[in-house]
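> Here is what each chain is made of, one letter per residue.
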Amino acid sequence: MSGVKLDSIVKAYGAVQVVHGVDLEVQEKEFVVLVGPSGCGKSTTLRMIAGLEEISDGTLTIDGRVMNRVAPKDRDVAMVFQNYALYPHLNVAENMAFGLRIRKESKEHIESSVKEVSGILGLDKYLERRPADLSGGQRQRVAMGRAIVRRPKVFLFDEPLSNLDAKLRTQMRAEIKRLHNRLGVTSIYVTHDQVEAMTLADRIVVMNAGRIEQIGTPMELFLNPVNSFVAGFLGAPPMNQVKAVIADGDTSPVAKFGTQQIALPSLPGLQNAVGREVIVGVRPEYAEVVTEAAPGSVSCELELVETLGSEALLHMNLDGEPFVIRTETLGNMAKLNSVNGFTAKPELIKVFDANTGMALSGQTRVA
Amino acid sequence: MTNMNLYSRGDKLFVIINMVLIALFTLSTLYPFIYIASLSMSTGFEARAGNVILTPVGFTLEAYKQVLSEPLFWSSYANTFIYTIGGTLMSLVFIIPGAYALSRPQLFGRRFWNLMVAFTMWFNAGLIPFFLNMRDLGLLDSYFGIIIGFAVNGFNIILLRNFFEGIPQSFEEAARMDGANEFQVLWKVFVPLSKPAIATVALFCIVSRWNGFFWAMVLLQDEDKIPLQVYLRKVIAELSDDEEFATSLLTAAYSFETVSAAIIVCSIIPILLIYPFLQKYFSKGILLGGVKE
Amino acid sequence: MSDLEAKVGGSTEELVIEASEALRTRKASRIERIGDHLRNEWQLYVMLIPTVVWLLVFLYKPMYGLQIAFKDYSIFRGVAASPWVGLEHFQTLFGNDQFLRALKNTVIISFYGLIFGFPMPILLALMFNEILAQTFKKTAQTIVYLPHFVSSVIIAGIVITAFSPSAGIVNTVMGWFGIDPIYFLTKPEWFRPIFVGTGIWQEAGFQSIVYLAAIAGVSPTLYESAVVDGASRWQMMWKITLPSIMPTIIIMLIIRIGNMLEVSFEMIILLYQPATYSTADVVNTFIYRQGIQGGQYDLAAAAGLFNAVVAFVLVMTANTISKRYSRTSLW
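Protein chains in written order, with UniProt numbering: chain A, 1 to 367; chain B, 1 to 293; chain C, 1 to 331.
Hints are supplied without guarantee of correctness; some may be wrong.
The following label-pair restraints were derived from C-beta to C-beta distances [to be verified]:
1. Val-227(C) - Gly-14(A): 29 to 37 Å
2. Gly-197(C) - Ser-38(A): 30 to 38 Å
3. Arg-211(A) - Thr-317(C): 45 to 53 Å
4. Arg-110(B) - Arg-103(A): 23 to 31 Å
5. Lys-256(A) - Ser-225(C): 52 to 60 Å
6. Ser-244(C) - Arg-103(A): 37 to 45 Å
7. Gly-138(B) - Met-174(C): 49 to 57 Å
8. Gly-166(B) - Arg-103(A): 51 to 59 Å
9. Val-70(A) - Leu-253(C): 29 to 37 Å
10. Val-227(C) - Pro-37(A): 40 to 48 Å
11. Gly-178(C) - Pro-196(B): 36 to 44 Å
12. Ile-167(B) - Asp-319(A): 21 to 29 Å
These are calculated hints, taken from the structure and not from any lab test.
Note that the coordinates shown come from a computational prediction; the quantities given were computed from them, not determined experimentally.
C-beta: ideal position from N, C-alpha, C; glycine also.
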């Protein structure tokens, strides 16, 4: 199986550790996305897999073989670079053939491979062109083509879409996904863009400050973040996080903040937790607007309405803290300006420990 | 701001005066070359009499006949070609791989090696130790000595190293992942990407080789090996020192002045031929090599 | 170690193999890492070796040879075996009128070069920048850069011809005004003006490139807003362009001062003669005559060492100042 296994991988520059022991198992044919803020160690981790950075400690296995001290060219991996690194003095066909020529493959094999891959990527018409004469999207495709022709065991992507404009990025994103479905090659993809991570990944690895925060499918991470960092990182706009204290409610525990409170789900983590300082997380999508105070609703002040078309973002002021609500515009437009509060279903509310940031509430599932 | 009609009267005057001054400076640069060219095509008599001002007087190619009939002129011309071509190729053979190695962050002791190159730009042992060293190496009076002895210079290495450093790291990484070794990365990726910088270095080498005079004069005793510049210097020095000989030429069709002017013209022509290429690259070269962030 | 302890059943040899296997897949030792590096990157060192060897043989070995400045050098004994004489050569030098004269001439000629030669390229760049007709500008630039690429022998040949007493254009023109011919190149008082003037003629155009590049970096919006404010071209040249390129000017000035001792002695050798030694002889021409022509290698090497040390101090100081001033180093 052409899986990739990272066992307590560490990267240190002298005394400074930037990756602190990463454990990750990527299954064969899986598409795994490493995501996190800049400087979180995701690119360094990818480059260690590629062999471009030395592994300071830990074990890297590709296809069951320890690769720590194997040269990049012998790891049978291919990488798509952020700036594509297309050779400007070679045309598209020569760029794609470069790796095969270096490896002294036969002419016929090179020709047929380039032809096949350029067919897959729709580059047939551009084979004679130089990179300078291509559009951003075409260059991106050539960069992928160069990786694909080698038929490697693993594809590595280092923020491959970040040089494209928003529209092309969406288009190429879908194309990468389709390509993966077609070729089924194990892929590891690094990005700082959580939308890319959500849309592309079989599994997402959220990294922060050189550590893995959480690994899971996109929906697992979206619905059940293990801590407030993951909760804040995935989703746009991010989850609202409000400081509160647990108190006893009528039927279930409640979270008190200022003079208000909100009902929480009855979960084991919240038993006997009265007085505990927590962070209450409410996704903008899961808050329902009210125009009149009702039992169980939280009142807040409307500051700004941003209409996006089918949806609107309401920027509220909740006891001096910002709170964003995302709501449908259809049939709602008239009352948007008089919104003065929200309600939220207890089972959709997340609770995190205020000190450790770890999730206290249990699993949320959507049907 | 290129529309003259928008200018005030004062500005127009300023622009015109400025243009006149530049024109004068340009003509003063050009004039000596025209003067020499005209001198070389005038009769010796008119040249001696100081009658040549701008155009040839008593047009004749006698001076060129004299120059071209001298075997030493031809052998020195050929030698200059040997030194220029051989020396430039030798320089590139050393400088391109050296600069590439020095530009790689993974090179062990990189700071030390770079300092070793830079130090030769700040401090050099001087004429005498260099000369004695060449003698001890048995490189006096030798083609090979001239070609190898000046093959490397710190400025050119640093110029090219800076250019290599400016090439994104990902080009090397992509090539390495494609299976290329360092030689292949250099030859198949960096050299093609650095054509302008390499051309600049090559042109610098060509010019300094073509014009090289002092060390050729010092290191070469054998007349058969001297380059054009040393030959030219010999002719000018001999003719001007030998006033008697110079005067004896007074009535002839050529004179010391016209003969040396003719050699000057012959030696400038190759530089003029490559001048368009020089102009294309040298301004980039100066800025590339000099100041580094 | 816990892995090891768990394997108590196995033989010692197996244990050792297991241990080294474990180490290999975990943290590579320093020696292993150097080994890996050399295995993957040895070609880099192959590329570096020719240059390093060349530097050692042709530039660093002469530095070793500089010790003859403190020795009574004999060709037959060689550098190492010649007896030490301490500072004798330096004492000789500083009691030698010719050397002191050469030192004085070096400083004076450099100083003239600085005063008259330094502003010229700046002025040229400012003036080129004011020319609107692009074809005219390109042509003029092409011509004024040319002398830089012409050899010093040719330049000297032109100077000798042009200043020749009988046939030279300079004396011809002077004759029109009734001035008697002067044999310029034999007159000590004329040597420095001719030498410095030739240097400016040859290099000013080429040196203006650096300033033109700096001017090209000045934001056009500065000029646009000045035009809106009603500034004239003359005012813009002095109030915008010149201040904008001031950092470049200062760096170039520092470099220039750092290279004070680098008088182009090749040109002096071509132009001077015994009659003009009193104003023309500089340290390097002195070294050339004493050492290479006169065979007094040790004395000449001492003069060279003195020159090199002063130059080194000047250059390092210039570099330090420039670094502090601009946060860019010259190398």
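> Determine for every hint whether it applies to the structure shown.
Against the structure, the hints:
Taking the beta carbon of each, Val-227(C) and Gly-14(A) are about 55 Å apart, not inside 29 to 37 Å as hinted. Range check, Gly-197(C) to Ser-38(A): about 59 Å between beta-carbon atoms, so the 30 to 38 Å window is missed. The hinted window of 45 to 53 Å between Arg-211(A) and Thr-317(C) holds, with their beta carbons roughly 49 Å apart. Checking the proposed 23 to 31 Å range against Arg-110(B) and Arg-103(A) shows it holds: the Cβ atoms sit about 29 Å from each other.
Between Lys-256(A) and Ser-225(C) the beta carbons are some 59 Å apart, a value that agrees with the proposed interval 52 to 60 Å. Distance hint check: the CB atoms of Ser-244(C) and Arg-103(A) are about 53 Å apart, inconsistent with the given range 37 to 45 Å. Separation of Gly-138(B) from Met-174(C) is about 52 Å and conforms to the stated range, judged on CB atoms against 49 to 57 Å. The hinted range of 51 to 59 Å is not satisfied by Gly-166(B) and Arg-103(A), whose Cβ atoms lie roughly 29 Å apart.
The beta-carbon spacing between Val-70(A) and Leu-253(C), approximately 54 Å, falls outside the hinted interval of 29 to 37 Å. Checked against the hint of 40 to 48 Å, the pair Val-227(C) and Pro-37(A) passes, with Cβ atoms roughly 46 Å apart. Distance hint check: the CB atoms of Gly-178(C) and Pro-196(B) are about 55 Å apart, inconsistent with the given range 36 to 44 Å. The hinted window of 21 to 29 Å between Ile-167(B) and Asp-319(A) is violated, with their beta carbons roughly 55 Å apart.
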